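Residue numbers (our numbering), protein chains in the order written: chain U, 1397 to 1694; chain R, 74 to 294.
No lab work stands behind these hints: they were computed from the structure.
Keep in mind it's a predicted model, so treat the numbers as computed, not measured.
The beta-carbon is built from N, C-alpha and C at its ideal position, and this holds for glycine as well.
Don't take every hint at face value.
What the hints assert, rightly or not - One side of the interface only, derived from the structure: several residues of chain R facing chain U at Cβ under 10 Å:
1) ALA195
2) LYS201
3) LEU212
Spelled out, the chains give:
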Amino acid sequence: MIQASINKRLHGANGEFQLEVNLEIAEGEFVALFGPSGVGKTTLLRCLAGLEQPEQGGLIVNGETWLDTAAGINLLPQQRRVGYMFQDYALFPNMTVRGNLEFALRKGASKKRVEELLALMELGELQHRKPDTLSGGQKQRVALARALASAPRLLLLDEPFSALDAEIRSRLHDEVLRLQRQFGLTAIIVSHDVGEVYKLARRVMVLEAGRIKTQGVPAEVFSAGQTSGKFRFTGEVLTLEAMDVMVSLTVLVGNQIVRVVAMPDEAEALRPGDRVVLVSKAFNPMVFKLGQDQENRE
Amino acid sequence: MTYDLSPLLLTFRLAAVTTAILLCIGVPFAWWLANTRIRIKPAVEALVSMPLVLPPSVLGFYLLLAFSPEHWFGQWLDRVAGLRLAFSFEGLVVASIIFSFPFLVHPIQAAFQNLPRSLTEAAQILGKPQWQIFLRVLLPNIKPALLSGTVLSFAHTVGEFGVVLMIGGNLPNQTRVASIAIYDEVESLNYAAANFYAGVLFVLSFLILLTVYVINRKAPK
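Can you build the whole structure from these sequences, using the hints too?
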């Protein structure tokens, strides 16, 4: 069980604001902190790890007090036993993959744990390579293995998958989930990727300007305010073309170009470059599974 | 014809001792300077860099005054440590350390500053004490800078003239280093000997620098 309350002044892109978060996380729970950049997600994670100190707050992990500003307690990161995955992986360039894992072992821990993790993460063949020679996904696996090698009580993941392409990201999601369950770890992930949150977390907290705006099961939190059965896309108007009684719009949605028609009065206020929302009611959309061939081959 | 080798030996002994002491002081200092947030940091940095711009004779002049047995500092050193730094090898070492300090500190400080903070933080989170982070994570990742700092300060000490002349004079086996010997031989119109010392310094300096560039080119960044 983790109970935390963190209060800290932050300097964001839109001026100062107060990070003010109270949270309670059950043992073995996987929680996501969701929100746009600059709302204090990473700072919150860093406060939990002891890398930054809040002006006011407390943190109790499994009955141990890690932070209590009122009583003047603030454990060093060294004393906290967290696993942390950095956005830039932070692998030690001077050590091999195996060296990175061995460095992470606590005093007296058996080297067997390194062997186990190397096997579990399929890093056996890479164990004597230096981090500079690895691909992004490989570095990510090493970083995860290293975080687990220190036998943490709490696993903190700071947007660890944002730099990877979709296929590798999805595979790593599976691995994180598998390991998190296997070790019964309490984990917190910072993410601004809805799909990632859906897949990994049982609970999501949506942060806005330093406060938790909503929280709950991802499916409920993300569908609230969006009527079911409707598709909503945001996009950018590329061109407007007047036809007989309608106006034809070309809209860029994601990296797809969509052509839609609009009534002249709808289109009147639109100019190329405007951001728009497309809403479509689809009673019975066609559903195709993607990437089937690839998956069969694996 | 044989030449007196003692000035050359003395030069390299001076450079070796100076560099060894500099490494012990300079590396932790560079790390401190790279991480500190104290207000007077610009003043500290300016002081460290002073030997780069000051004429060596200025530094030598003040050190000579301070080291002299008449001055309170010189008296204090003599009383406490039994050290007489004016016109002695020990004095040259102290002066060379001050004079070569920026050549060691600058590359190493820059390298520390260029290391991502997350490396230190990751090691902290893995439970490692500060000294272990320093020795096992930070130092191994700034090896090229350590090498260039070491070599630059060594080479710079070999090439020192003004400071040595001011506070060391020209005592054989004590303070008569190669650069002084060259000056001395030229003054007595003994060009052959001067040429010998100068040639050795020229070739050795080139070889030292060449080694550094070759090694730094081979080492992966």
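* Which of the listed hints are broken here? -> none
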